[in-house]
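S.K.: Chains as they are written, first to last, in my numbering: chain A, 1 to 143; chain B, 1001 to 1553.
The hints are simulated quantities; they were obtained by calculation from the structure and are not laboratory data.
Model, not experiment: these values are computed from the prediction.
Be aware that one or more of the hints could be misleading.
What the hints assert, rightly or not - Computed list of lysine to any residue pairs in SDA-like fashion (alpha-carbon distance at most 25 Å, straight line):
{"#": "1", "chain 1": "B", "residue 1": "K1446", "chain 2": "A", "residue 2": "T46"}
{"#": "2", "chain 1": "B", "residue 1": "K1548", "chain 2": "A", "residue 2": "E126"}
{"#": "3", "chain 1": "A", "residue 1": "K129", "chain 2": "B", "residue 2": "Q1008"}
{"#": "4", "chain 1": "B", "residue 1": "K1548", "chain 2": "A", "residue 2": "H34"}
{"#": "5", "chain 1": "B", "residue 1": "K1438", "chain 2": "A", "residue 2": "G42"}
{"#": "6", "chain 1": "A", "residue 1": "K45", "chain 2": "B", "residue 2": "G1545"}
{"#": "7", "chain 1": "A", "residue 1": "K113", "chain 2": "B", "residue 2": "K1548"}
{"#": "8", "chain 1": "B", "residue 1": "K1457", "chain 2": "A", "residue 2": "W127"}
{"#": "9", "chain 1": "A", "residue 1": "K129", "chain 2": "B", "residue 2": "G1102"}
{"#": "10", "chain 1": "B", "residue 1": "K1548", "chain 2": "A", "residue 2": "A53"}
{"#": "11", "chain 1": "B", "residue 1": "K1089", "chain 2": "A", "residue 2": "M72"}
{"#": "12", "chain 1": "B", "residue 1": "K1446", "chain 2": "A", "residue 2": "W127"}
{"#": "13", "chain 1": "B", "residue 1": "K1457", "chain 2": "A", "residue 2": "D33"}
{"#": "14", "chain 1": "A", "residue 1": "K113", "chain 2": "B", "residue 2": "V1465"}
{"#": "15", "chain 1": "A", "residue 1": "K113", "chain 2": "B", "residue 2": "K1438"}
{"#": "16", "chain 1": "B", "residue 1": "K1372", "chain 2": "A", "residue 2": "G116"}
{"#": "17", "chain 1": "B", "residue 1": "K1484", "chain 2": "A", "residue 2": "T26"}
{"#": "18", "chain 1": "B", "residue 1": "K1096", "chain 2": "B", "residue 2": "I1015"}
{"#": "19", "chain 1": "B", "residue 1": "K1446", "chain 2": "A", "residue 2": "M72"}
{"#": "20", "chain 1": "B", "residue 1": "K1480", "chain 2": "A", "residue 2": "T46"}
{"#": "21", "chain 1": "B", "residue 1": "K1446", "chain 2": "A", "residue 2": "A53"}
{"#": "22", "chain 1": "B", "residue 1": "K1456", "chain 2": "A", "residue 2": "D123"}
{"#": "23", "chain 1": "B", "residue 1": "K1446", "chain 2": "A", "residue 2": "S48"}
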Amino acid sequence: MPNTTRIIRVLIGKPGLDGHDRGAKTVASVLRDHGMEVIYSGLHKTPSEIAEAAAQEDVDVVGLSILSGAHMSLFPRVRDELASRGKEDVLLVGGGIIPAEDMAELENDGFAKLFGPGTNTDDIAEWIKTEMKKRFEAEGEDA
Amino acid sequence: MTDTTGVQRVDSGEIWRKAMEGARTREAAFTTLSDVELQPLYTSKDAQFDEERDLGYPGQFPFTRGVHPSMYRGRLWTMRQFAGFGSAKQTNERFKFLLAHGQTGLSTAFDFPTLMGYDSDDEHSLGEVGQVGVAISSMDDMSVLFDGIPMGEVSTSMTINGPAPIMLGFYIAAAQKQGVDPKVLRGTIQNDILKEYQAQHAWLVAPEPALRMITDMMSYCAEHVPHWNTISISGYHIREAGSTAAQELAFTLANGMEYVRRGVAAGMDVDSFAPRLSFFFDSHLDFFEEICKFRAARRIWARKMRDEFGAKDPKSWMVRFHTQTAGVSLTAQQPENNIVRTAFEAMAAVLGGTQSLHTNSMDETLSLPTEKAVKIALRTQQIIAEETEVTHVADPLAGSYFVEAQTNRLEAEAEAYFKEIEERGGVVPSLQEGYFQKEIHLSAVKYQRQMERGEKKVVGVNCYVEDESGPSIDLHRIDKGVEKEQHDRLAALRERRDDASVESELKAIRAACRDGSNLLERFVAAAHAECTLGEIAQVLREEFGQFKEPNIL
């Protein structure tokens, strides 16, 4: 029997120098309300610091937030740092002030989903739950 | 009741109350944007005020009605659009574009590396150079930024905080290079470090040494740059981070009072520096609540400065403030609607008596603004100034029962927060434990949930939604070559400058950190020796230690 009620572990990360954390903290609170275990990286983290935290905490999901325009540089670097720590399978999502074509590019390049301004936070939580349910079920079948 | 003429008198209030009981009302929350319940009607009973004591006249204590006797008849507000992106050269061109279109003051946005005290070629800066503002790593970059702009004539605002004292050193040195005496420089540097720890989060060192640098700056400027506004005490970022109107008002004024206490504790006469303190508020979508917030800010500050801090110079009592329309109120959906939102917010700022104003551009939820979007935003201010005829009368809403009741309410809420902060040991201990951060976060989450439940409406987001595929407007993209160009400029600078004088200036800064002598003096000298921002900031980090962000989640 696959364990689909496992608690989802999430790291919300703020890579780079951007101090805008309203969205990241709001999403962190909402995901916690949805029963997930949420770790918040704090501000001004390098890609390797975020990946290191993700590996140490053994999270299922990494959510990144950038509002500084540096997403096309920093997001892929976090992805690479995760891969170098064997966390390439983590469910990688992001949000912030990100133009649509950049979202499309990132979603073709290792990011499962990008959430833009105006996204309903419950929708983010539901989307993560649905994805993780699929993954936990698949893991259950493998085991 | 019958009066002497025999006419039947009616109690119209009683009739209205009965009518309201039977009246159908819409299914809606009749609350302010900050979630304060409103009455359907305000009368004289709800607005207790003494005209002499609580309102006064424009230009007179307690300045509820404005800081100038003539208000906008004397002079319109300064139209000051915040601008900065890419290299100093690119921003210099945008500055000239804005001046050519009738803007009356400059306002500089810096990129994140600059705001955090890193050079463009630092490894922390990778991918961020020139993204949200201009990259300034040296006095030479500052000179390029103001190339062809007479620094002695233009009034400049610089939005930077952690490294603000270093950046002012660059500005003063660049002006001297232009042949301008610092005594004539006019402008404002944000330099409000307290709200950085609370809301905006671009700090450089720990709070106590950061506050010492600010008092160094206040005393240096009082002597050498007398027309410079040394701190722009900012509620904007507190509000944008999610606070209510009352929290923005209270935390901003609490921070202001903390700076005053520090200045006095450093041995300065309150009237020697308080007139150079200015303020910066958000103007959000709740039209009346915002106007009342501006009025309450003036009244509270005047009372505190005169009655608690003993300031004698009326200039020390005045809240002169800049306003920016609320970035958080803009939506990525149907972005043209943002022009309308911004216009209402700008109107509230003008009716609230602002001294200068930035109007946001419609595309700022997607990227930095295009020239076209910036021009519409500037034209919005010009339409208010030239076409709406609202500028002729000072504080036109005074005496409105609703406006006076809300002004009173906001003042009372602010007072309750001042008490709470004091009980927590003051502003610095409160921010170290995360009190402000938590209050702001809780308000942000509360609003988000109300919006998602449909209790608070946002057109294009939770009502009147259209199916959209991608943005319908052109976006401003930052040229990827900027980072490389900055690396090359810094390499050339490090090559050409005199290493010995760089070393000796950095050493002098280190010594001043320890012996308590004025750091601003040292920063100006270091700027002339072409020390970079990152080099100076590194000395400060080593000497002063860094801020530990409290975990409030």
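S.K.: Tell me if the straight-line CA distance from A/K129 to B/Q1008 falls inside 25 Å.
M.R.: violated (70 Å)
S.K.: If you draw a straight line from the CA of B/K1096 to the CA of B/I1015, is it 25 Å or shorter?
M.R.: violated (61 Å)
S.K.: Could you grab the alpha-carbon distance between A/K113 and B/K1438 and see if it respects the 25 Å cut-off?
M.R.: violated (29 Å)
S.K.: Below or equal to 25 Å on CA atoms is what counts here, so check B/K1457 against A/W127.
M.R.: holds (24 Å)
S.K.: Does the alpha-carbon distance linking B/K1438 and A/G42 stay inside the 25 Å limit?
M.R.: holds (14 Å)
S.K.: Is it true that the CA of B/K1548 sits at most 25 Å from the CA of A/E126?
M.R.: Answer violated: B/K1548 to A/E126 is near 34 Å, above 25 Å.
S.K.: Within 25 Å, alpha carbon to alpha carbon, are B/K1446 and A/M72?
M.R.: Given pair B/K1446, A/M72 is violated - Cα atoms ~31 Å apart, limit 25 Å.
S.K.: Holds or violated: B/K1548 with A/H34, Cα cutoff 25 Å?
M.R.: violated (29 Å)
S.K.: Does B/G1102 sit within 25 Å of A/K129, going by the straight-line distance between their CA atoms?
M.R.: violated (53 Å)
S.K.: With a cut-off of 25 Å on the C-alpha distance, tell me whether A/K113 and B/K1548 pass.
M.R.: Between A/K113 and B/K1548 the Cα gap is close to 32 Å, so the pair fails against 25 Å, i.e. violated.
S.K.: Given the hint that B/K1484 pairs with A/T26, test it: the Cα-Cα distance must not exceed 25 Å.
M.R.: The given pair, whose Cα atoms are some 36 Å apart, is violated under the 25 Å limit.
S.K.: Starting from B/K1446, check that the Cα of A/A53 is at most 25 Å away, please.
M.R.: Violated: B/K1446 and A/A53 sit about 29 Å apart, past 25 Å.
When the structure is compared with the earlier hints, violations turn up for hints 1, 2, 3, 4, 7, 9, 15, 17, 18, 19, 21 and 23 and for no others.
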